[in-house]
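Engineer: Here is how the chains run, residue by residue.
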Amino acid sequence: MWTITLKIARYKPGEARRIDTFQVSIDPERTILDAVEKVWAEQDRTLVFRHACHHASCGSCAMVVNGVEVLPCIKLIKSVTQPDGELMIEPLHNFPVIADLVADMGPFFERMLIVGMPIVGAADPLPKQEAEDFNRFDNCIECGACLSACPVVATDSGYLGPAALAAAYHQLSVSGDSLSKQAWDTLDGEHGLWRCHATFECSAVCPSNVDPAGKIMALRRRMTIERIRQMLGLGSRSK
Amino acid sequence: MSPVDSPVESKAYPGQSGQLPEHQVWRWFAFARRSLGMAGFVLNRVAGLGLVLYLLIHLVVLSQLTRGPQGWDAFITLARSPFFLTLDVILLAGIIGHGLNGLRVALIGNGLLVPWQRRLLVVLAVLGIVLWVIAAVLIYRG
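Protein sequence lines, in the order shown, are assigned to chains G and V.
Count along the first sequence starting at 1, add 3, and that's the number in my numbering.
Count along the second sequence starting at 1, add 174, and that's the number in my numbering.
What the hints contain is simulated information worked out from the structure, not anything from laboratory work.
Just so you know, not all the hints are guaranteed correct.
Here are the simulated SDA-like cross-link-like pairs (lysine to any residue), alpha carbons at most 20 Å apart as the crow flies [stated by the list, open to error]:
#: 1; chain 1: G; residue 1: Lys10; chain 2: V; residue 2: Gly224
#: 2; chain 1: G; residue 1: Lys78; chain 2: G; residue 2: Glu18
#: 3; chain 1: G; residue 1: Lys15; chain 2: V; residue 2: Glu183
#: 4; chain 1: V; residue 1: Lys185; chain 2: G; residue 2: Trp43
#: 5; chain 1: G; residue 1: Lys15; chain 2: V; residue 2: Lys185
#: 6; chain 1: G; residue 1: Lys10; chain 2: V; residue 2: Arg241
#: 7; chain 1: G; residue 1: Lys41; chain 2: G; residue 2: Ile77
#: 8; chain 1: V; residue 1: Lys185; chain 2: G; residue 2: Gly70
#: 9; chain 1: V; residue 1: Lys185; chain 2: G; residue 2: Ile77
#: 10; chain 1: V; residue 1: Lys185; chain 2: G; residue 2: Arg33
#: 11; chain 1: V; residue 1: Lys185; chain 2: G; residue 2: Glu18
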């Protein structure tokens with residue numbers, strides 16, 4: 004068993020923000036979420052956090068641990084600290100906070116709706132390829148880690164952000180070359196795909212290997228080709 | 175079940191609250207524990223701001239021309255001092271770093287070499303350091 008220190012960001016509406024420090028004895032093979040639950044169960048039942056599946060399927064528990072977005076349900080204690088170590092646990096950045104470690108995910112889903120993407124679509128049959136190469140956008144678990152890690156969202160709350168842009172690319176790929184002019188204009192607008200500064204931080208923290216940054220760059224390439232086609236009079240922007 | 179312990183310590187925290195955070199410019203520079211791409215982003219921001227500052231200083235220095243040959247010659251003598259040569263070497267680091275990183279961003283930003291963006295950053299960083307060292311030697315040798 005390790006004894007570790009958890010510094011947890013606390014907030015309740017109407018209260019001052021603060022950091023509470025807790026000592027927890029825990030098996031280092033357990034997860035960060037286990038440690039947070041242990042704090043809640045044994046030390047402070049007012050601690051608010053969100054979780055459901057405990058296996059990286061629902062995406063609801065995403066937090067910032069020691070400055071980096073993680074899914075605490077699959078992140079082992081031993082992978083982020085050491086005996087007598089310390090964990091700084093915060094809610095996702097770039098989101099309003101409802102309470103303690105619970106971010107308001109509204110801005111995430113509003114972005115998805117802006118580009119007109121269905122959040123839930125019909126499942127496609129698995130393609131015949133190696134599992135490690137299987138990397139479709141349907142893997143997105145809508146955890147919000149990419150939006151939290153993006154330095155551009157930090158200064159432009161209107162930026163569509165990695166998840167919505169990756170969703171747009173996915174939709175474009177699924178539907179061939181068909182996207183409405185309105186969707187193109189949104190992507191091509193002030194807060195669209197050109198706003199990305201290519202830090203690839205979204206791809207680095209994505210727990211589901213969606214690679215949003217790669218999708219944004221692919222989308223840019225398509226947009227650039229589309230513009231060249233327009234300039235040469237070879238095709239229209241939307242179909 | 176009821177709480178069996180209170181927190182060991184509790185102190186103020188400047189993090190976000192119920193309001194949507196706006197204009198957190200400091201996050202542009204929060205690269206600790208982040209990826210290599212974030213380091214490149216920070217480098218470009220810092221170098222870019224430095225080059226803008228240099229441009230302003232450069233214009234101020236050029237205004238010495240209005241004071242005639244004597245004022246200008248005095249400045250040139252000062253500019254050849256080791257201190258000013260060191261400032262030139264620092265300036266060169268900003269130019270090379272910003273230029274090569276800008277090339278990387280332009281390439282991957284248009285969908286080229288995306289799968290190799292990390293390697294590209296490392297290769298250009300090594301190239302930049304080599305160029306910078308050679309240039310620094312040439313500057314100090316005069």
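Engineer: Each hint should be assessed against the structure and marked as holding or not.
Structural biologist: Outcome of the hint check:
1. Between Lys10/G and Gly224/V the CA atoms are separated by roughly 36 Å; this puts the pair beyond 20 Å, and the hint is violated.
2. Among the hinted pairs, Lys78/G with Glu18/G is inconsistent with the structure: their alpha-carbon atoms are about 30 Å apart, more than 20 Å.
3. Only pairs whose Cα atoms come within 20 Å are accepted, and Lys15/G paired with Glu183/V is accepted, the gap being roughly 18 Å.
4. Annotation: proposed proximity of Lys185/V to Trp43/G holds, straight-line Cα distance about 19 Å (limit 20 Å).
5. Using a Cα cut-off of 20 Å, the hinted pair Lys15/G and Lys185/V holds, with the two alpha carbons roughly 14 Å apart.
6. A threshold of 20 Å between alpha carbons decides the hint, and for Lys10/G with Arg241/V the separation of about 61 Å lies outside it, so the pair is violated.
7. A C-alpha spacing of about 16 Å is found between Lys41/G and Ile77/G, which places the hinted pair at or below 20 Å, so the restraint holds.
8. Restraint check for Lys185/V and Gly70/G: satisfied, since their Cα atoms lie roughly 18 Å apart, inside the 20 Å limit.
9. Taking the CA atoms of Lys185/V and Ile77/G, the gap is near 29 Å; set against the 20 Å cutoff, the hint is violated.
10. Taken as a hint, the Lys185/V and Arg33/G pair is broken in the structure, with Cα atoms around 28 Å apart against an allowance of 20 Å.
11. A hinted pair counts as satisfied when its Cα atoms are at most 20 Å apart, and Lys185/V with Glu18/G qualifies at roughly 13 Å.
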